[in-house]
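Trainee: Below, each chain spelled out in residue letters.
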Amino acid sequence: MATETTPNESGEVSRRSVLKTSAALGMAVPAAGFLAACAGGGSDDKDGVAADNTNAENPFKVDGKKPLEVVVFKGGYGDDYAIAQEALYKAKFPESAIKHAGITDIRAEIGPRFQSKTPPDVLDNSGAQQINHADLANNGQYADLTPLLDAPSIDDPAKKVRDTLLGGVVELGTYNGKFNVLNYGFTLYAIWYSGSLFKEKGWTEPKTWTEMLALCEKIKAAGIAPWTYTGVHPYYLFDVLFTLAARHGGNDVVKNIDNLEANAWKHPSIKLALEAMVSLKTKGYILDGSEGLDHRQSQARFIKKDAAFIPVGSWLENEEKDLLAADPGFDLKCMIVPALDGSTNPNAVWAAPGEGFAVPQDAKNREGGMEYLRIMLSAKGREAFSAKTSSLTVVAGKSEGMPDTPGVRAVQEALKTTASAAYPFKFDEWYANASKGIIRPKLGEVMAGRLSPDEFITIAQKAADDIKADSSIQKQHRN
Amino acid sequence: MSDTAKVSAPPRRRKSASKRRANWFVASFLVLPVALYLILVLSPFAQAFQFSMTNWNGTNPDYKFVGLENFKKLFTSDLYSVYLIPALKHNAIMLIVVPLAVIALALFFAFMLNVGGKSRGGRMRGVGGSAFYKILFFFPQVLSVVMIGILWQAIYRSDEYGLLNALLAIFGVPLKSSGWVSDPSLVLVMVMIVMVWSSVGFYMVYFSSAMASIPAEIYEAAMIDGSSRVQTFFKITLPLLFDSIRTAWIYLGIIALDGFALVFIMTPQQGGPDHGSEVMGGVMYNFFSNGQAAMACAVGVILFFFTLTLMALSMRLTRRENVEL
Chain A
1 MATETTPNES GEVSRRSVLK TSAALGMAVP AAGFLAACAG GGSDDKDGVA
51 ADNTNAENPF KVDGKKPLEV VVFKGGYGDD YAIAQEALYK AKFPESAIKH
101 AGITDIRAEI GPRFQSKTPP DVLDNSGAQQ INHADLANNG QYADLTPLLD
151 APSIDDPAKK VRDTLLGGVV ELGTYNGKFN VLNYGFTLYA IWYSGSLFKE
201 KGWTEPKTWT EMLALCEKIK AAGIAPWTYT GVHPYYLFDV LFTLAARHGG
251 NDVVKNIDNL EANAWKHPSI KLALEAMVSL KTKGYILDGS EGLDHRQSQA
301 RFIKKDAAFI PVGSWLENEE KDLLAADPGF DLKCMIVPAL DGSTNPNAVW
351 AAPGEGFAVP QDAKNREGGM EYLRIMLSAK GREAFSAKTS SLTVVAGKSE
401 GMPDTPGVRA VQEALKTTAS AAYPFKFDEW YANASKGIIR PKLGEVMAGR
451 LSPDEFITIA QKAADDIKAD SSIQKQHRN
Chain B
1 MSDTAKVSAP PRRRKSASKR RANWFVASFL VLPVALYLIL VLSPFAQAFQ
51 FSMTNWNGTN PDYKFVGLEN FKKLFTSDLY SVYLIPALKH NAIMLIVVPL
101 AVIALALFFA FMLNVGGKSR GGRMRGVGGS AFYKILFFFP QVLSVVMIGI
151 LWQAIYRSDE YGLLNALLAI FGVPLKSSGW VSDPSLVLVM VMIVMVWSSV
201 GFYMVYFSSA MASIPAEIYE AAMIDGSSRV QTFFKITLPL LFDSIRTAWI
251 YLGIIALDGF ALVFIMTPQQ GGPDHGSEVM GGVMYNFFSN GQAAMACAVG
301 VILFFFTLTL MALSMRLTRR ENVEL
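Just so you know, the protein sequences line up as chains A and B, in that order.
Per the UniProt record's numbering, the first sequence runs over residues 1 to 479.
Per the UniProt record's numbering, the second sequence runs over residues 1 to 325.
So here's chain B without its partners, still in its complex pose (with noise of 0.2 Å):
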């Protein structure tokens, strides 16, 4: 703009009048997108804040406005805190856990697979059969996450008729009576471990191809220079995936803040055993069906919350000067 008010008046005008047109030209474009966006993602938001402050239950439509009322009852009368404390406790849990083991497990293929091999002829490769290996670790990808709930299910299942009581079996190790998943203190771990079997796939894909586009000279002259392939990774591979394994740091924390529908489908009484696997989709999902829809929405209030601080944060945590290559 300020270089065009140097110029003389007449043309200015008919110049910003033809740029104004332009832009209308492009709003034009934005207009259904955004009204979309407005119906079906604000607006959704704004009526839980709404609602969070009611006392509706789902279907009266007489609700009255109660203020700060469920959000102190969610945290204070154990009628609705035996709920929401195991779910901030899970998530938070699994927001650490999941990424962490997704992204170490995914690098530590992902690097075997393209780089991990022998050297031929200059070139650095995976180990063998690493084409098979990926389609192998992908192939979770391809599943629904509800396939994946009622396989897992399957193969958890408390009696003999389970497969990793079977397989267990065959090695002498009796029966445990409590279960895998029907136990509260192991099942989040086991729904964990079915989180990151999923996901690992589709991560060692995501980083293989970060991988590829690492110039191979760099590798080339750190093994001239005699760098062991651990040296290689921590100090070559690892730094300038930095950016990729931040995205990949944020989706999985999405992952990790949601598995509602792993827990829905594979645990018992939904979140349970005695709310040991309760997470806070399903904690929502539950104060629905049970007639508490204002909790479900309070619920769901400071869930945004938490989502945005912990954004927030790991943008600002992890800022850093990208590397030009």
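Pulled out of the complex, with its shape left as it was, chain A reads as follows (with noise of 0.2 Å):
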């Protein structure tokens, strides 16, 4: 193990309790779940939970009348859907006591408890304000989910939890080859238009980045902006600028950047994506002000018809549903950014499963925490989440509970024929101070038309080379 860790007191004061507890509910630690435990610790100091996967009701031998403290992140998806869930965890431990916490500032309030450690038994880590994922796994202070994987599901027993998850899930909530965050929302990003205002007009969507451009003339005609975006939010730019990227050059385009490969900002399918999204500007087809704007501005302006197209990903629904109820007719449709000419991977999306859950490794309820992972991935769990947010969860193709709205609809159809080019971006949360320093802010400039291509590339490319050379980051890779 490459990670560098102290012994961690509190882990063996958890380990001592588990036994305790075990001891005291007249069991002997099964070897199985020893084994699994092992498995999944890897060969550093820290234990992990015992699993006992022959237990389909109860694997992580939870103490029922253990509290259990819920965080969550209470941005766009708000934290309805985890009170919902909540009860489903108390109507399986009713002497449990349940603490829970919807809070907007991740850092501020919980990064103190990881520092004392006395964090809470289930975290949300999400939000602009969350810790970065990598930083307190790469410490050792998240817990090893990889008995949550592999203990049955509740839906079906037969299988387990590792089966029933979105292909690369399992992957992007790996750090230093433990499961450390389930990534549990998913989110498309895509492009978004309304569908009345294109029947009225006559248009329709385009399927080449040629076509858009034509498209885009038309719109302008008609004394409509083409395209808005936030530009107080450039990161929102990122969908436009790797999804024409990877379906021009292939998904590993995307993928050597996020691995810190030589030269991979370099490839000449980010070059042309990046003029392409420059062209939007220089031939005017950009709502004038979207530079200042921020993401509730934007997409305002962007309800209110003054710009046709949007990125956004596929919270937006949920986000602007109240100036979508003043407009029924609105319409929400998306479709993933047009391909540009000689693309070799047409359907590339990038689907980011978002909202990363944890259980903090000095919890004092692992095991209720990695059950309330287990229940929210249930059924019932699932549907708690789909009709609070509108939104999917990264559990293979169920869609329990979601509302059916124009939006709900469109991001379905969006995804039947793209899933299985579905690619992941990382850069950006891996290292974050170096993308919210350097690539965020010059790709803003970019889209503004203060920076060219070239310029950008270059830049990025030598921020990816210190990231490189800097021994005091931490490194991380993906397959």
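Everything labelled a hint here was simulated from the structure, so no lab data went into it.
What you are looking at is a predicted structure, and each value in this text was computed from that prediction instead of being measured.
Do not take every clue at face value.
A few chain B residues that face chain A, going by a derived Cβ cut-off under 8 Å, partial list only [to be verified]:
no., residue
1, Arg157
2, Leu175
3, Asp274
4, Gly291
For every residue, glycine included, the Cβ atom is placed at its ideal position computed from N, Cα and C.
Assemble the dimeric complex from its two separately framed chains, guided by the hints.
Mentor: Dropping the structure here:
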């Protein structure tokens, strides 16, 4: 194990308490569970949760009397879904007292609790103020969730939880060989438009970038700005950049960037994608003032039909439900960024499992935390989430509780053709300081027309090389 | 003490014992404030120095000592200097521009409102409606900095819904598509305008009260000697207000070294676009939220010495004899 970790006293304490609990319940620790814990725990000296996978009801041997503390990020998804899921846990363990908190500033409120080794049992570490997953994982402050993956699924005990998840979820949540983060919500990044506006004007969804540019010319002639975006948060543009590049040059273009491969940013597909984006600006297809609009302002202008297209994640419909309710005929539709000419991988899509749930290593009730995550992944748990958020989870092919709204239908439609070519993008999360300091602002400058694609590529490559050369930055790798 | 030493022995002992008791009595009042100062002010300073030389990321209890590595990286590695260098530059610019602009405007307004008008019955008065202007100019002071930030964000909004853009549109000025605070070459000026706007009122009142303590006879004498209003200002008002101006300068310097709240609320990417409005406080915040807590502490240490140097310098440069009135 490359990670340097120091012996963790409270980890020892919790192992002892696990043993004590098992002894109290009159059970010996089963050999299978012990081995599973070893396999998951790796070679360092922190222990994992010992699981008994023959017991589909309670594989982690949760002490039903122990309280459970759940902290979730209260952002675009709200926290009603978590309250509903906590009720499911409470129904299973009626004696357990559940403490719930829905907060936005995870770092300020939970950071000190990691520092003092008193974190909550379940943490949805998301949002702008999240603590970098990589930092906590590198430092061994997240429990290894491998026992969860190997536990029987609640819906079908014959199946392991691992086999119910969408491809890539395990890989994305794995740091230094350990599965630490369960990204629970499924986000599709897309380009949105109004079905009714398109119908009224006789426009059709463009299938290629050339068609997109031709349509933009028509839209502009009709007196509407073809595109808007949030200039205040340039990372919304990652979707356009990397989807165009991955479609043109293959998903490896993005993978090489994540893995800090030599000259990864200098791949010709990146340059072509950047030039395509800049052409929107130079041809006058961007709504005036988009550079200074935040996400809500740009979305409001889009829903007012001042702009025809906007790149946002699939949370758009939920986030703007009030504005959309005021215009019932809007007919929200989405498509994936249309591919450039000569694209070798035209179905690529940035499908990003988000809302990273973790069980801290120093949590008092790790067994309960893992059981809570197992309940979240069950049919009832998914239903609670989808019904409250109109969003999909990372459980493959399941959409219980999804309301039937235009946006939800559009996302499901877009996934039908593209799900097989989904790619992740991890650089921004793994190397947050460099991405927020250099890549994001410079991408904003490119889109504003103040920085050329070539200059951007040089700067981005230099940043990647600097990260690689800095031994104090822990590197991650994905396949 | 040298006086009491001459007195004979026994009374001295008695006297110094009671004096000592008195000292303890006084000290007992200071225990609480001094303890609070130690715990809440000095110990965080000391801790920031300690953390700045570790690899603490904000959540790892097992951080290690790395010496001056963080300071070196802050200046030499692009990954970190991309935040620090613009911030140092911007704080330096603000340190010169903001106090100068605020003091100049505040002095001008205070002079106009107090002695800028016609003299009536031998007494100096302000311009007409000065009571109203006083309230008007002071008004930003009653708003919290957060409200000021939100207010000006709405004024500077980049599309046609921005107040400034809407006003310009009335005069037929076309929309500036890069916006006001979203243009990296303009954003710092835009932030400084807000800082000046929100500070002038307070210093106007401050200088007004200082001016009120200048005896009217001096002005009358000057007028009899045929001094113009401009001469009166530069030859009488300004020199007699020197102490107040020096105090204002120091306070405004502190404001200029901060600026974090306004930048945080008003500017894109909280210090952007592309670090165009980065300030030291914002850099600390950004490093903290990027999981670089030790770097944030190192920036704090740099800011500490930056401020200390400036204070020492300004006290030394502005030291001079007071004029007794």
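Trainee: Hints the structure violates: just list their numbers, smallest first.
Mentor: Failing hints: none at all.
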